[in-house]
Amino acid sequence: MSSITDLIRKEIENLSTDATRTNVGTITTLADGVAKVDGLSKVMFNEMVEFPNNILGIALNLDEDSVGCVLLGNTSSLKEGDEVRTTGKLLSVPVGKALLGRVVDAVGRPIDDKGAIDSDLSSPVEKIAPGIIPRKSVDQPLQTGIMAVDSMVPIGRGQRELIIGDRSTGKTTIAIDTIINQAKINKQGEKSGDPDFRAVYCIYVAVGQKNSNVARTIKILEEAGALEYVIIVSAPAADNPANQYLAPYSGCAMGEWFMENGMDALIVYDDLSKHAVAYRQISLILKRPSGREAYPGDVFYLHSRLLERSARLNENSGNGSLTALPIIETQMGDVSGYIPTNVISITDGQIFLETDLFNKGIRPAVSVGLSVSRVGSAAQIKAYKKVAGKVKLELAQFRELAAFSQFESDLDASTKARLDRGARIVEMFKQGAYSPIPVEVQSAIMWGMQNDFFDSVAVQDIQRAVESLKEYLSAQGKEACDEIYNSGKLEDSTAQKLRVAFEDWKRTFA
Amino acid sequence: MTFSSKHKRLAKSLLHLSLNEEGHIVESKIEEILSSLRSSNPTGLKSLLRYFYTEVRRHEYTYHAVAEIGCKDDPSITNSIVKRLESNIGKNIKLTVIENPQIISGCRIRLKDDVYEDSLQSRLQKLEKSFH
Numbered sequence: 016m017s018s019i020t021d022l023i024r025k026e027i028e029n030l031s032t033d034a035t036r037t038n039v040g041t042i043t044t045l046a047d048g049v050a051k052v053d054g055l056s057k058v059m060f061n062e063m064v065e066f067p068n069n070i071l072g073i074a075l076n077l078d079e080d081s082v083g084c085v086l087l088g089n090t091s092s093l094k095e096g097d098e099v100r101t102t103g104k105l106l107s108v109p110v111g112k113a114l115l116g117r118v119v120d121a122v123g124r125p126i127d128d129k130g131a132i133d134s135d136l137s138s139p140v141e142k143i144a145p146g147i148i149p150r151k152s153v154d155q156p157l158q159t160g161i162m163a164v165d166s167m168v169p170i171g172r173g174q175r176e177l178i179i180g181d182r183s184t185g186k187t188t189i190a191i192d193t194i195i196n197q198a199k200i201n202k203q204g205e206k207s208g209d210p211d212f213r214a215v216y217c218i219y220v221a222v223g224q225k226n227s228n229v230a231r232t233i234k235i236l237e238e239a240g241a242l243e244y245v246i247i248v249s250a251p252a253a254d255n256p257a258n259q260y261l262a263p264y265s266g267c268a269m270g271e272w273f274m275e276n277g278m279d280a281l282i283v284y285d286d287l288s289k290h291a292v293a294y295r296q297i298s299l300i301l302k303r304p305s306g307r308e309a310y311p312g313d314v315f316y317l318h319s320r321l322l323e324r325s326a327r328l329n330e331n332s333g334n335g336s337l338t339a340l341p342i343i344e345t346q347m348g349d350v351s352g353y354i355p356t357n358v359i360s361i362t363d364g365q366i367f368l369e370t371d372l373f374n375k376g377i378r379p380a381v382s383v384g385l386s387v388s389r390v391g392s393a394a395q396i397k398a399y400k401k402v403a404g405k406v407k408l409e410l411a412q413f414r415e416l417a418a419f420s421q422f423e424s425d426l427d428a429s430t431k432a433r434l435d436r437g438a439r440i441v442e443m444f445k446q447g448a449y450s451p452i453p454v455e456v457q458s459a460i461m462w463g464m465q466n467d468f469f470d471s472v473a474v475q476d477i478q479r480a481v482e483s484l485k486e487y488l489s490a491q492g493k494e495a496c497d498e499i500y501n502s503g504k505l506e507d508s509t510a511q512k513l514r515v516a517f518e519d520w521k522r523t524f525a
Numbered sequence: 053m054t055f056s057s058k059h060k061r062l063a064k065s066l067l068h069l070s071l072n073e074e075g076h077i078v079e080s081k082i083e084e085i086l087s088s089l090r091s092s093n094p095t096g097l098k099s100l101l102r103y104f105y106t107e108v109r110r111h112e113y114t115y116h117a118v119a120e121i122g123c124k125d126d127p128s129i130t131n132s133i134v135k136r137l138e139s140n141i142g143k144n145i146k147l148t149v150i151e152n153p154q155i156i157s158g159c160r161i162r163l164k165d166d167v168y169e170d171s172l173q174s175r176l177q178k179l180e181k182s183f184h
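Just so you know, the protein sequences line up as chains V and E, in that order.
Each residue of the first sequence is one higher than the one before, counting from 16 in the numbering used here.
Each residue of the second sequence is one higher than the one before, counting from 53 in the numbering used here.
Note that these hints are calculated values from the structure, not bench results.
One thing to keep in mind: the hints can contain errors.
[Unchecked claim] With a straight-line cut-off of 35 Å between C-alpha atoms, the simulated DSBU-like cross-links for lysine-lysine are:
(1) V:K129 - E:K178
(2) V:K25 - E:K181
(3) V:K521 - E:K81
(4) V:K445 - E:K164
(5) V:K57 - E:K64
(6) E:K164 - V:K142
(7) E:K81 - V:K142
(8) V:K104 - E:K98
(9) V:K512 - V:K400
(10) V:K104 - E:K81
(11) E:K143 - V:K57
(12) V:K302 - E:K164
Chain E extracted, bound-state conformation (with noise of 0.2 Å):
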């Protein structure tokens, strides 16, 4: 097994300890890990760090969407945002809105690798594109 290969192991092994029963991460229990860490400080930490970055960095995007939208915030667009998003993946999840003007109208939320997405400026870019 090679070094890199034991420290991904190991780096999901503290991802899971992490999470609360809901599968979100706590970031006080990161906290205790990273303290622990420094303590013992064992042999690739850095590289090992690289690794619980990228698993807790993945393990957000599950449960975190980023909603862009055109206009202001409004709490119902939110609820209602949270609603079908909730319904879809079957979990709780945590919603960050950003107010975006390039988005002219309308909104585009990330969650996981996958982008929903109804605004103007995406219809005009397909526009665009079918010009060329």
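The following block holds chain V by itself, in its conformation from the complex (with noise of 0.2 Å):
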């Protein structure tokens, strides 16, 4: 009892008595989530304005003679002639470690009924990207875990790799099992005490989704351990278009808190094409003019500030990174879309994904000819370099000669054997949800194919063999797998053992 006696006594000592100057306006209109305001001539642009029963509000429209605002939460108790405040404060979100395994809002307040957020820290959520004097080039690898991705289109640390693809295609598979690997990763790293080790964490922003599918992602991560590195922002379909718009620049805030503390982070935009929808609702309300299938002009400049935030920052200023993993859905592949087509100028490179592909079970259904990482083998280890070098372009020509060879009776001897390499390497390259694979495994895989280990085995037996390669591996195979792991690289005497490993993995095989 004494303690509640001793806080509140404490509360009203700390409490400023002074007299207050606030700026206020009234509403004037209220409609779809936006209030026009009469009044609050000292507002800023972006400022938290505050409307009756605790309700807040952002002022976007500054015009003549009324503030246009969004409204972050419940209108139905609001009406015309209430009083809105402004705040002084930019809207901010909380930020800090404390975050990590917890469910946000737009805003950052909690929605997972674990209790309230144990961080003192916030930061606003519109913030000006890094400049050029302060960046790096990106050069770290950023697992995802995914050989087909892995291999042809490397992501690394402080990249934006678009993943882009019609519905139903795994997009947001590909994220969450980046996610995942972060998380194993992070696990393995902390357990060497490797004081070099930085792990990676990773923040899901999720727009416009169903509820359901969010619970989902939750429930995946939980399974799979990966929560405790993960922050989730949520403005699902039943949010307010302002909290949907607002929410991918609250979990870049949150994620920039790790980049700008030397710290590495990944966040997912999930995705910005609902993004741009709610957008477009908003600006619409707000009378702003409309262009292109009606978004506004500045539909460009809301994906550019936010894609920009995501950087790889040098030595001086604290070598940390922010990864971004935007997600865009297409309607009939179309990437030539007015959304996709702005969203692929800004990010370094993208991850398309077929609905042939994936209809046909080659899952994740990454198209080889369109997609592409701007960094390239920079963000590869070098082990992994030396063998998926070529593994691209061996794809590539069999896609072109497969097509082809539908008109063929009889094909020659190299044509055949490329027909061959490619259908093992696509089977190779199938690999279920939710399971990714270690970088030093998927190194060896990899070098097996390579070296022809896979040639004696029947297409339709591929998978299985990666599956017991994989096993064997993390067993018998462990020491070559470690050498890679520790060193990075495939010297001489690590592909002599790998040798002496699917020699003897062959023979239990066959």
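Got two chains here, separate frames each, mind docking them using the hints?
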């Protein structure tokens, strides 16, 4: 009891009792989550304003004689004539490690019934992206654990790699796999006690998604033991457009905190198509002039200012990084749409997922021709670079030859060999959802493929062979894999050990 | 130029016509303007009147302060408030005092878009917020 009274006494002692001066306004119109306010002559752009019943809003339109505010809460209790107050603060969200393992809304309030967030730190939602001087080129890999991605479109820490494809082609799965893989690597690194180990913290921003999908994602991450390294920012479809518009910026502010404090973070924006739609909705209600497909003129800036905040900082600026995996949903595989082309031009590459491949059972359905990483092999460990250098070319040649071979009855030996190799690579790249493969195991499997160890295995048995090989490498072939993991290189001695291990495995597999 | 922006400019001109030397609105001048508008009946009169109303109301707020006080109106308090406000904004002001028991003690003054508040109610509200 005494502690409670002490707490109250302390609050009263700390309470400022000076007269206050507040800038106020009056609601003149209220519709669709947007309020037009008369007054508020001293309000700043993007400033938080306070409506009755502790409802917050943001001043987005500063007109000559009114202020357009988007509301961030339930507007049913508000009415015309209500007083609105400025707060003098730009919209900020809590940041820091205390948010890890939590699910928050677009303004950083917990929505997971796990109590208040124990963080005194906060950061503004809108921030200017790092300039040229504090940046550094991307040269450290961020392993997704997906063979098709890590080998053909490698992602580096600080890169922005777009995941693009039609609905139900596995876009979210690639992002979730990547998060799960980071958690596995983090656990392994923390266990090893390596002082140079750099954990990757993840932020998953769900924009305009069904609540059931968000709940499923949380469950998957929880079951994989990855939730403790993840912050989930949720602005589901049922949320108002203002929250959907803000959620990616809030998530980015949380990720930036890790980057600015010398840590590495990964942020997934799932997805920016819905984000653009929410922004269009707000802009139309605010009566901003609309352009192509009714999007406002600054829809490019909407995404460019968000994605430019992902960067790799140099040593003088703390050596942190923020990697972004934005997701865009296309319609009927059309990558030339307005929003897809905008985001493609902003990002440093894209992973394009094809519906046809997905339906054929080739999962992840990564399209070799349309997927690219502008960072390239700079974001691969040396061992992987050595074994995966040719695989994209081989697969591209296979796709081309496969199309032509349909018209040919008699094929020459070299074409046939390329087709056989391609078919095996396609099978090797097939990977189940939420089961990322460690980079050293991936390197070993790729080495086996490059050294013809799979040539005698029937194409339909390749997947079984890969599974068996994974098991073998985690037991008997562990020594070679550990060497790759520790050094990041594939020395001749390691290759020799791999050769012995593969020969032994092949005997058992046969 | 759109129809509404023409009306906005016209409403601003009408406001200037209804002010005295001190910059205060004169009721008789407003009545004169309204009767002249009624007789000429220009296109979009309703919209023009709406803009005129907004301009008049906004202008009135620039020198018309509203003070809510928790106790009974005391001329000495009113005079001191007027003096302080006039010295702050540098022009004569008109003050309307309203008794509001919810304030409990102290006062709350609104002038233009600004609210100056030093009341027991506001302090209690601040304390309540600090516990959240």
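Quick rundown of the hints versus the structure:
About 26 Å separates the Cα atoms of V:K129 and E:K178, which keeps this hinted pair within 35 Å; it holds. Annotation: proposed proximity of V:K25 to E:K181 holds, straight-line Cα distance about 14 Å (limit 35 Å). For the given pair, V:K521 sits about 103 Å from E:K81 by alpha-carbon distance, which is inconsistent with the 35 Å threshold. Simply put, V:K445 and E:K164 have alpha-carbon atoms about 68 Å apart, too far for the 35 Å limit, and the pair is violated.
With a CA separation close to 21 Å, the supplied pair V:K57 and E:K64 stays within the 35 Å bound. A threshold of 35 Å between alpha carbons decides the hint, and for E:K164 with V:K142 the separation of about 32 Å falls inside it, so the pair holds. The hinted pair formed by E:K81 and V:K142 fails the criterion: a straight-line CA distance of about 51 Å is larger than 35 Å. Proximity of V:K104 to E:K98 is assessed by CA-CA distance (about 39 Å); at most 35 Å being required, the pair is judged violated.
At most 35 Å may separate the alpha-carbon atoms for a hinted pair to count; V:K512 and V:K400 meet this at roughly 19 Å. Among the hinted pairs, V:K104 with E:K81 is inconsistent with the structure: their alpha-carbon atoms are about 43 Å apart, more than 35 Å. About 20 Å separates the Cα atoms of E:K143 and V:K57, which keeps this hinted pair within 35 Å; it holds. The straight-line distance between the Cα atoms of V:K302 and E:K164 is roughly 27 Å, inside the 35 Å bound, and the hint therefore holds.
In this structure, the earlier hints numbered 3, 4, 7, 8, 10 are contradicted, and the remaining ones agree with it.
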